[in-house]
Amino acid sequence: DTAVSQTPKYLVTQMGNDKSIKCEQNLGHDTMYWYKQDSKKFLKIMFSYNNKELIINETVPNRFSPKSPDKAHLNLHINSLELGDSAVYFCASSQVKETDTQYFGPGTRLTVL
Amino acid sequence: GQSLEQPSEVTAVEGAIVQINCTYQTSGFYGLSWYQQHDGGAPTFLSYNALDGLEETGRFSSFLSRSDSYGYLLLQELQMKDSASYFCALGGATNKLIFGTGTLLAVQP
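Chain order of the listed sequences is W and U. Just so you know, we're using my numbering here: the first sequence kicks off at -4 and counts up by one. Just so you know, we're using my numbering here: the second sequence kicks off at 531 and counts up by one.
Simulated from the structure, these hints should not be mistaken for laboratory data. Be careful, since some hints might not be right.
[Stated by the list, open to error] Simulated crosslink set (DSS-like; lysine-lysine; CA at most 25 Å straight-line): (1) Lys611/U x Lys4/W; (2) Lys4/W x Lys47/W; (3) Lys611/U x Lys62/W.
Note that the structure is a prediction, hence the values are computed from the model and not measured.
Could you build the full structure based on these sequences and the hints that come with them?
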């Protein structure tokens, strides 16, 4: 029944490591997103994909590379992790013409030590 | 660019009515959305205004005035479970949402 799922829920790693977060949605949506929520709860769009094609890249460092193998999956790979990458990362999805109504995954809390 | 400002915190008592304001600056947008986020949880969609005026969904109502660059979320018959952060968000042709600064609502018994 899970609409948007993410794994892992928690990720603790050392600076300089590479890690991935996976996201899947079973809502049949065309569009998927990655958001970053910082310690002050500010929620900021990072990437948006529509039918596996990248349509938004919000000046995110190129250490962050999203990959969409199909329209139900959007993964996020992060190279050379830095302290400032510590945050909660949310995946979301929506219909392409209803981008105001987005369904969020449970989030992945990334802690870089 | 686009920006949205909200009060950082609001406190109210159970059973009361509370209004969370959102003022924005933008060159154009399709509509204003509202999301709720409980501590440790994910944002969940509450309401959307494409047109000026009031939209009502149960205990929650949302209002938009494009001429005033202003909107608000009205929560009635407050319950303890309404304690959460509330975000307004602008959606537009760029296929993304720009979120406001968020308002932490504390409902007291």
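Here is how each hint holds up against the structure:
For a cut-off of 25 Å, the pair hint linking Lys611/U to Lys4/W stands: about 23 Å separates their Cα positions. For the hint pairing Lys4/W with Lys47/W, the CA-to-CA distance comes to about 24 Å; that is within 25 Å, so the pair holds. Using a Cα cut-off of 25 Å, the hinted pair Lys611/U and Lys62/W is violated, with the two alpha carbons roughly 37 Å apart.
The earlier numbered hint that this structure contradicts is number 3, and it is the only one.
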